[in-house]
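Colleague: Listed below, chain by chain, are the residues.
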Amino acid sequence: MTTATLAPARAEEGRIGLPGHLRHVGALTRRNLMRIKADPESMFDAVLMPVIFTVLFVYVFGGAISGGQDAYKQYMIPGLLGQTGITLAMAVGTGLNSDFQTGVMDRFRTLPIGRSSVLLSKIAAETCRALLSFTILIVFALILGFELKGGFLELLAAVGLSLLFGMSIVWISMLLGMALRSAQAVQGVAMLVLMPMQFGSSIFAPTDTMPGWLQAFTKVNPLSALADACRALMNGQGAVAHPVLIVLAWSIGITAVFAPLAVARFRKRT
Amino acid sequence: MTRISTAPNDRGPAAGNAVEVRGIVKHFGSTKALDGVDLTVREGTVLGVLGPNGAGKTTLVRVLSTLIKPDAGTAFVGGYDVLRQPKQLRRTIGLTGQYASVDELLSGYENLYLIGRLLDLSSKEAKARATELLERFSLTEAAKRVAKTYSGGMRRRLDLAASMIGRPRVLYLDEPTTGLDPRTRNEVWDEVQRMVADGATVLLTTQYMEEAEQLANELTVIDRGRVIAAGGIADLKAQVGGRTLQVRPGHPAELPEMARCLHDTGIATATFSADTGLLSVPLTSEDQLTAVIGVLGTRGFGIADIDTKLPSLDEVFLAITGKPSDRPAAEDAAPSLAKEPVA
Ligand SMILES: Nc1ncnc2c1ncn2[C@@H]1O[C@H](COP(=O)(O)OP(=O)(O)OP(=O)(O)O)[C@@H](O)[C@H]1O
Ligand SMILES: [Mg+2]
Numbered sequence: 013m014t015t016a017t018l019a020p021a022r023a024e025e026g027r028i029g030l031p032g033h034l035r036h037v038g039a040l041t042r043r044n045l046m047r048i049k050a051d052p053e054s055m056f057d058a059v060l061m062p063v064i065f066t067v068l069f070v071y072v073f074g075g076a077i078s079g080g081q082d083a084y085k086q087y088m089i090p091g092l093l094g095q096t097g098i099t100l101a102m103a104v105g106t107g108l109n110s111d112f113q114t115g116v117m118d119r120f121r122t123l124p125i126g127r128s129s130v131l132l133s134k135i136a137a138e139t140c141r142a143l144l145s146f147t148i149l150i151v152f153a154l155i156l157g158f159e160l161k162g163g164f165l166e167l168l169a170a171v172g173l174s175l176l177f178g179m180s181i182v183w184i185s186m187l188l189g190m191a192l193r194s195a196q197a198v199q200g201v202a203m204l205v206l207m208p209m210q211f212g213s214s215i216f217a218p219t220d221t222m223p224g225w226l227q228a229f230t231k232v233n234p235l236s237a238l239a240d241a242c243r244a245l246m247n248g249q250g251a252v253a254h255p256v257l258i259v260l261a262w263s264i265g266i267t268a269v270f271a272p273l274a275v276a277r278f279r280k281r282t
Numbered sequence: 070m071t072r073i074s075t076a077p078n079d080r081g082p083a084a085g086n087a088v089e090v091r092g093i094v095k096h097f098g099s100t101k102a103l104d105g106v107d108l109t110v111r112e113g114t115v116l117g118v119l120g121p122n123g124a125g126k127t128t129l130v131r132v133l134s135t136l137i138k139p140d141a142g143t144a145f146v147g148g149y150d151v152l153r154q155p156k157q158l159r160r161t162i163g164l165t166g167q168y169a170s171v172d173e174l175l176s177g178y179e180n181l182y183l184i185g186r187l188l189d190l191s192s193k194e195a196k197a198r199a200t201e202l203l204e205r206f207s208l209t210e211a212a213k214r215v216a217k218t219y220s221g222g223m224r225r226r227l228d229l230a231a232s233m234i235g236r237p238r239v240l241y242l243d244e245p246t247t248g249l250d251p252r253t254r255n256e257v258w259d260e261v262q263r264m265v266a267d268g269a270t271v272l273l274t275t276q277y278m279e280e281a282e283q284l285a286n287e288l289t290v291i292d293r294g295r296v297i298a299a300g301g302i303a304d305l306k307a308q309v310g311g312r313t314l315q316v317r318p319g320h321p322a323e324l325p326e327m328a329r330c331l332h333d334t335g336i337a338t339a340t341f342s343a344d345t346g347l348l349s350v351p352l353t354s355e356d357q358l359t360a361v362i363g364v365l366g367t368r369g370f371g372i373a374d375i376d377t378k379l380p381s382l383d384e385v386f387l388a389i390t391g392k393p394s395d396r397p398a399a400e401d402a403a404p405s406l407a408k409e410p411v412a
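Protein chains in written order, with the working numbering: chain F, 13 to 282; chain Y, 70 to 412.
Misleading hints may appear alongside valid ones.
What the hints assert, rightly or not - Lysine-lysine pairs mimicking DSS-like chemistry, simulated, CA-CA at most 27 Å apart:
id, chain 1, residue 1, chain 2, residue 2
1, Y, Lys101, F, Lys49
2, Y, Lys138, F, Lys49
3, Y, Lys101, Y, Lys138
4, Y, Lys213, F, Lys49
5, F, Lys49, Y, Lys196
Hints were generated in silico from the structure; no laboratory data involved. Note that the coordinates shown come from a computational prediction; the quantities given were computed from them, not determined experimentally.
Take these sequences, add in the hints, and give me the full structure.
Modeller: Okay, structure coming up:
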């Protein structure tokens, strides 16, 4: 602020400015986190999913796939990281949808805050949820005997990559949340999209035994690249650069397309 | 975003008008929710918008809070155009919608604190303001509980408090006391009056003449999206009639005699109904009330009960339009599932 007259003039123009935006996103993120505190059941997916998936796959399929449970642990757990990230991301749309249903959004829309603040705060809260989930997954995996062959930095890179990709999916999830009528519909569609994406990838099983048409799908499926990248990073072996670059490209691409669409859709509902 | 020109607008609002609405139209499909509404609210005054269900009150409030865009017409609030300067406009308004918009999973305190922060209050200010308003709306004890556990009236009060956090210059209250008990209703009225005393302008929708009389300086009556009457409370009361005194005599048989006595003394023109057992005396002043009771008393009539009442919304409509408003019945009629008689 250089002169005393500048600030009121800005307010007159309705400008918010960066500090204002940050404050709004901060306050709304706090709100989203407090909502979790008041409704701990909403954390079930974040807390239990990694545990259940790990146990289920390692012990049920582990013997049959990839030569034994120990080898399968090393194979599957890194991929679960990415899978967890996008499953959580899909839950954001449901929350956004219910905000619109309950009239809370009406209140926000009459306040002098930027349209994107509400959406960005969802992403911020989701990041916290995902980080907790990742931590649980990794600790649980170590307890089960997962060997972190890559270094700590590589682990962080795998977490960061999963987070980044998950956050790009959040925009799609939000778009669904605003386009569909009910929270249940959002959940249903999310499931419908996620299931084939997850299982039609290299997360749970190597793809080379799959039929040709499925291999064609798994090849372009970004979740395969994400799983491959995490695996290479956490196991300290295999080509890292290629899958990482593919994941980065997908994340940036998805965000570039869906973030503006989500914000536009959000504006339109104003 | 394009920069909004700050050049003086020759079609802008007149000075001293906090709200100025000209020819606002909003249609939902074939429903003309607003069909060319004009109204103004002078700065620092309270305008009551009276209308039956489906009249367009909520739609009007939503247009004026930038929640929906009008199809035609212009509206200015605090000098800002609802269509062209929504951001500036939002800085000047507070809204309590018809349906509570509190966050159910947050405590009362956190709800208010959040809004304070979103209104750019410092953390300290937001805290102080939240605490102050919780106190004023008797929510201090429930402050730490999540709003999900609140009763309907408590939610309503929290919603009202939320709309007052930023000390808005213009406050919209959409049927603020519907569903509140008499004590809380008075509390809300007190708060609204306090806001007005501090210089705020209020646009209030209501279905109660009594609420309008308590709070409003001016009244606009709308029906089917159109303004059917507007003016000062006193003018409108002169048109539709003010309070009516209702007397229930100890002996119903004395009703005709009581009416004749009032007529003969020239104090008032009373009517009575044997069915309800009530003597109705339209009042034009408070002295008249004392005089009527005095005369009835000194003449030795036994009085079982007395009450004064304002005209109901139906009576207001009857007086203004000469016919009862048929809207509510038509609106609320459930879609008839015409069942074929089973053979
Ligand atoms: N989003 C909408 N879509 C379709 N029709 C609508 C919508 N909102 C309002 N309407 C219609 O517009 C008319 C006016 O509605 P509005 O809610 O403004 O009435 P109101 O005066 O607030 O009534 P009430 O006293 O019942 O709250 C009604 O006929 C209503 O059905
Ligand atoms: Mg209404």
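Colleague: What are the numbers of the hints that this structure violates, sorted from low to high?
Modeller: 1, 2
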